[in-house]
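Here the sequence shown stands for residues 5 to 224, numbered as in the numbering used here.
Rather than coming from a laboratory, the hints here were simulated on the basis of the structure. Among the clues, some could well be false.
[Stated by the list, open to error] Below, computed lysine to any residue pairings styled on SDA-like, alpha-carbon distance capped at 25 Å:
(1) K85 x D102
(2) K85 x E74
(3) K85 x G100
(4) K85 x L67
(5) K85 x A112
(6) K85 x Y105
(7) K85 x D62
(8) K85 x P68
(9) K85 x T119
(10) K85 x S66
(11) K85 x G71
(12) K85 x V98
(13) K85 x T95
(14) K85 x V64
(15) K85 x A51
(16) K85 x L103
(17) K85 x V96
(18) K85 x G111
Predicted, not measured: the structure shown is a model, and the values here were computed from it.
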Amino acid sequence: MCAEPRTGGYAVKDFEISEIAEDLRTGIRKVSLTGVTTSDIQGIVDATSFAAGLAPVDVVSSLPTSGNFEGRVAMLTTNGKLHRYHSGAWTVAVDGGDLVYNSVTTGALAAGAVTAAQLAAGAVTARHMGIGDFENLNIDANFLDPEAWTGETSLYAPSNPEDWGSAKIANIVGDGNAYTVVSGTFAFDIDATGEEFWLSWNGRDLPPRNRAIQKESLFS
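Using the sequences plus the hints, can you model the full thing?
This is how it looks when you write it as structure tokens:
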């Protein structure tokens, strides 16, 4: 094609290269826009063609160990993940502050992905948990609600009563509604030589004194 000057612009028309004198054809190449194949342009643009500060994303089967630079990005074909080269190492880590609230749900977590090692001390408390099996649940671990203890109970406490007929031991039995101090001699086995056992209990005197009692006892 050639351009001819016209008022207000140029007129463009086709021409044959044969119309140009041979001594003027230097550097002129005829290119057909149809029939251009991959092999015609293969390798024309490579990693060295990018301007300073620009770099393509590498597609690799293993992360490069040389030629790395801060900000380099590679897509690893073995796991389909984008890796970033940062602070001298490849990483796929995502900062927690970059996560949209509620974007990570149970379905997004692989089985076993979250273990005790990933939980900060005290991060999970009872209010964060849903209880599905109540068989071994102690709903009154602090003994604040007598009605919670519906099963038969037998407690032992060191004491020195003069009228219970026992040497420094009291046996207290009940079912959650009432407890009775059983006098007489009794025994229980502890197979832990040299160990110490502590028992803490709360109670209240019978009227008219009606005093609150708190006791911590040591077994050894």
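Verification of the hints:
Proximity of K85 to D102 is assessed by CA-CA distance (about 17 Å); at most 25 Å being required, the pair is judged to hold. For a cut-off of 25 Å, the pair hint linking K85 to E74 stands: about 18 Å separates their Cα positions. Proximity of K85 to G100 is assessed by CA-CA distance (about 18 Å); at most 25 Å being required, the pair is judged to hold. In summary, the hint linking K85 to L67 is supported, as the alpha carbons are separated by about 11 Å, within the 25 Å threshold.
At most 25 Å may separate the alpha-carbon atoms for a hinted pair to count; K85 and A112 meet this at roughly 16 Å. For the proposed pair K85 and Y105, the alpha carbon gap of about 22 Å is at most 25 Å, so the pair holds. Restraint check for K85 and D62: the C-alpha separation of about 12 Å stays at or below 25 Å, so the hint holds. Taken as a hint, the K85 and P68 pair is honoured in the structure, with Cα atoms around 14 Å apart against an allowance of 25 Å.
Proposed proximity of K85 and T119 is supported: the alpha carbons are some 23 Å apart, at most 25 Å. Simply put, K85 and S66 have alpha-carbon atoms about 12 Å apart, close enough for the 25 Å limit, and the pair holds. With a CA separation close to 20 Å, the supplied pair K85 and G71 stays within the 25 Å bound. Simply put, K85 and V98 have alpha-carbon atoms about 12 Å apart, close enough for the 25 Å limit, and the pair holds.
This hinted pair checks out: K85 and T95 have alpha carbons roughly 10 Å apart, not beyond 25 Å. For the hint linking K85 to V64, the alpha-carbon distance of about 11 Å falls within 25 Å, and the restraint holds. A C-alpha spacing of about 21 Å is found between K85 and A51, which places the hinted pair at or below 25 Å, so the restraint holds. The suggested pairing of K85 with L103 holds, with an alpha-carbon distance near 17 Å, which does not exceed 25 Å.
For the suggested pair K85 and V96, the alpha carbons sit about 8 Å apart, so the restraint of at most 25 Å is met. Taking the CA atoms of K85 and G111, the gap is near 19 Å; set against the 25 Å cutoff, the hint holds.
The structure fails none of the hints (numbered hints given earlier).
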